Amino acid sequence: MKAVVITSPGGPEVLQVQEVENPRIADGEVLIKVAATALNRADTLQRQGKHPPPAGASPYPGLECSGTVEAVGKGVSRWKIGDQVCALLSGGGYAEKVAVPAGQVLPIPEGISLVDAASFPEVACTVWSTVYMMCNLASGETFLVHGGSSGIGTFAIQLAKHRGVRVFVTAGGEEKLAVCKDLGADVCINYKTEDFVARVKEETGGKGVDVILDSIGASYFQRNLESLNMDGRLFLLGFQTGAVTQVNLASIFAKRIKVQGAGLRSRTPENKATIVSEVEKNVWPAIAAGKVKPVIFKSFPFSDAAEAHRLMESSHHIGKILLIP
Numbered sequence: 129m130k131a132v133v134i135t136s137p138g139g140p141e142v143l144q145v146q147e148v149e150n151p152r153i154a155d156g157e158v159l160i161k162v163a164a165t166a167l168n169r170a171d172t173l174q175r176q177g178k179h180p181p182p183a184g185a186s187p188y189p190g191l192e193c194s195g196t197v198e199a200v201g202k203g204v205s206r207w208k209i210g211d212q213v214c215a216l217l218s219g220g221g222y223a224e225k226v227a228v229p230a231g232q233v234l235p236i237p238e239g240i241s242l243v244d245a246a247s248f249p250e251v252a253c254t255v256w257s258t259v260y261m262m263c264n265l266a267s268g269e270t271f272l273v274h275g276g277s278s279g280i281g282t283f284a285i286q287l288a289k290h291r292g293v294r295v296f297v298t299a300g301g302e303e304k305l306a307v308c309k310d311l312g313a314d315v316c317i318n319y320k321t322e323d324f325v326a327r328v329k330e331e332t333g334g335k336g337v338d339v340i341l342d343s344i345g346a347s348y349f350q351r352n353l354e355s356l357n358m359d360g361r362l363f364l365l366g367f368q369t370g371a372v373t374q375v376n377l378a379s380i381f382a383k384r385i386k387v388q389g390a391g392l393r394s395r396t397p398e399n400k401a402t403i404v405s406e407v408e409k410n411v412w413p414a415i416a417a418g419k420v421k422p423v424i425f426k427s428f429p430f431s432d433a434a435e436a437h438r439l440m441e442s443s444h445h446i447g448k449i450l451l452i453p
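Residue numbering for the sequence shown follows the numbering used here, beginning at 129 and increasing consecutively.
It is possible that some hints are incorrect.
Said to hold, decoys possible - Listed next, the in silico EDC-like pairs over lysine to aspartate or glutamate satisfying Cα-Cα at most 16 Å (straight line):
no.	residue 1	residue 2
1	K178	D359
2	K329	E354
3	K421	D310
4	K130	E224
5	K130	D155
6	K161	D211
7	K421	E198
8	K329	D314
9	K386	E406
10	K289	E238
11	K289	D314
12	K335	E441
13	K289	E322
14	K202	D155
15	K335	E354
16	K289	E302
What the hints assert, rightly or not - Now the in silico label distances, taken between C-beta atoms and shown as ranges:
no.	residue 1	residue 2	range
17	Q146	F381	51 to 61 Å
18	I209	N376	17 to 27 Å
19	A382	G203	47 to 57 Å
20	A382	K202	39 to 49 Å
Keep in mind the hints are simulated off the structure, nothing from the lab. What you are looking at is a predicted structure, and each value in this text was computed from that prediction instead of being measured. All C-beta atoms in this analysis are idealised placements derived from N, C-alpha and C, irrespective of residue type, glycine included.
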C-alpha cells in the first residue's frame, strides 16, 4: 500500500509517499481501507520528532480516518466487511489501509458523507472526554474555548450550543470570529486586539466562566485562572506557547479551581473504547440531527501532505484539513 512516511524529523518536506507493507490485523481489530484522514496538531509534532507514536502503534501519522471495512479479526462481532465506518486511531491514518481495535470504530453519522466523516473522530472524542466526561460542563453554564476557529474549536462551539451552554471563544481575526459566531458562539473575542480576561469579566458580571478548554499553554495559564468562576475547571489540551510558566496559586485556592490535562493518543485501548462508546451515544445523535456539522477548510491528496502541514502550521485555516489517498 501507499503511505505518507516521515523520512526524518523535520519540516513538512520530510513527508514522502512511499510503498510500504500492508498492516496486519490482530484479534479484536478491524482493517479499514481509508477514504480520508484529517490533520491534527499532533501530526505536525510527530513529524518534528516531538510526539512519537505509542508502543505498537503505526509509525505513520494520522489519528483519525473514515473508510470501508476490508477485514475483521477474531472476536469482532459488530463490524463486517463492506461496512462504512470512521475511527479513532493511535496512528496510521496517512495510509491506504489501517488496522484499528474494533472498540475505536464508529458508524458514519447519519447524513454525513464517507469522506467528511474523517473530520469527526478525534475532535469528538477529545471534546467529549475532556469537556463533558472530565469537566462535567452542564446546560446553563459558561464555556470558553481558545482557538475557536480550529478543528477542536468549531466542533466544541456547536456541541456546547446544542447542549444549552453559553459559549465564549478567542480567535485571531474578524473572519475567524465571524465563522465562530455563525456556528453559535455567543461572545467572540479577537485575542490580537482585546484582553480576553477583561471581556470575560465584563460579559459575566465579574464572575468568570465555568469551563475553559485551552491548547495555548504557558502564556494563557494565569489569565485563564483569572477568567474562571468559583468552582471553575481549566482543561489543558496543549502547549502552543510552551509548557513552563509562573503561576499565582492563590486564585486556584480562592476559587476552588480544578486544573486538568490529558492527551487522547496515549490512553489505553480500553479507555479509548469507553470514550468512543460515549461519543456514539451522546454526540452522534446531535450530528444526525444537523446540530453539529463538519467544518472542512480544504482537502489535499496524499502527494500534497507537506502542503497540508504548511497550511496547518500557518493557522490560516478554519476547521479541519483532510488528506485523501
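These are the hints, each one checked on the structure:
1. K178 / D359: Outside the cut-off at roughly 34 Å; violated.
2. K329 / E354: holds, 9 Å
3. K421 / D310: Holds, because 12 Å separates the two Cα atoms, which is no more than 16 Å.
4. K130 / E224: Holds, at roughly 6 Å.
5. K130 / D155: Violated, because 24 Å separates the two Cα atoms, which is more than 16 Å.
6. K161 / D211: holds, 10 Å
7. K421 / E198: violated, 27 Å
8. K329 / D314: holds, 14 Å
9. K386 / E406: violated, 23 Å
10. K289 / E238: The given pair, whose Cα atoms are some 20 Å apart, is violated under the 16 Å limit.
11. K289 / D314: holds, 9 Å
12. K335 / E441: violated, 35 Å
13. K289 / E322: Violated - the C-alpha atoms of E322 and K289 are around 23 Å apart, more than 16 Å.
14. K202 / D155: holds, 5 Å
15. K335 / E354: Holds, at about 10 Å.
16. K289 / E302: violated, 21 Å
17. Q146 / F381: 51 to 61 Å: holds, 54 Å
18. I209 / N376: 17 to 27 Å: Between I209 and N376, where Cβ atoms are some 58 Å apart, the hint is violated.
19. A382 / G203: 47 to 57 Å: holds, 52 Å
20. A382 / K202: 39 to 49 Å: violated, 55 Å
Of the hints listed earlier, those the structure fails to meet are numbers 1, 5, 7, 9, 10, 12, 13, 16, 18 and 20, in rising order.
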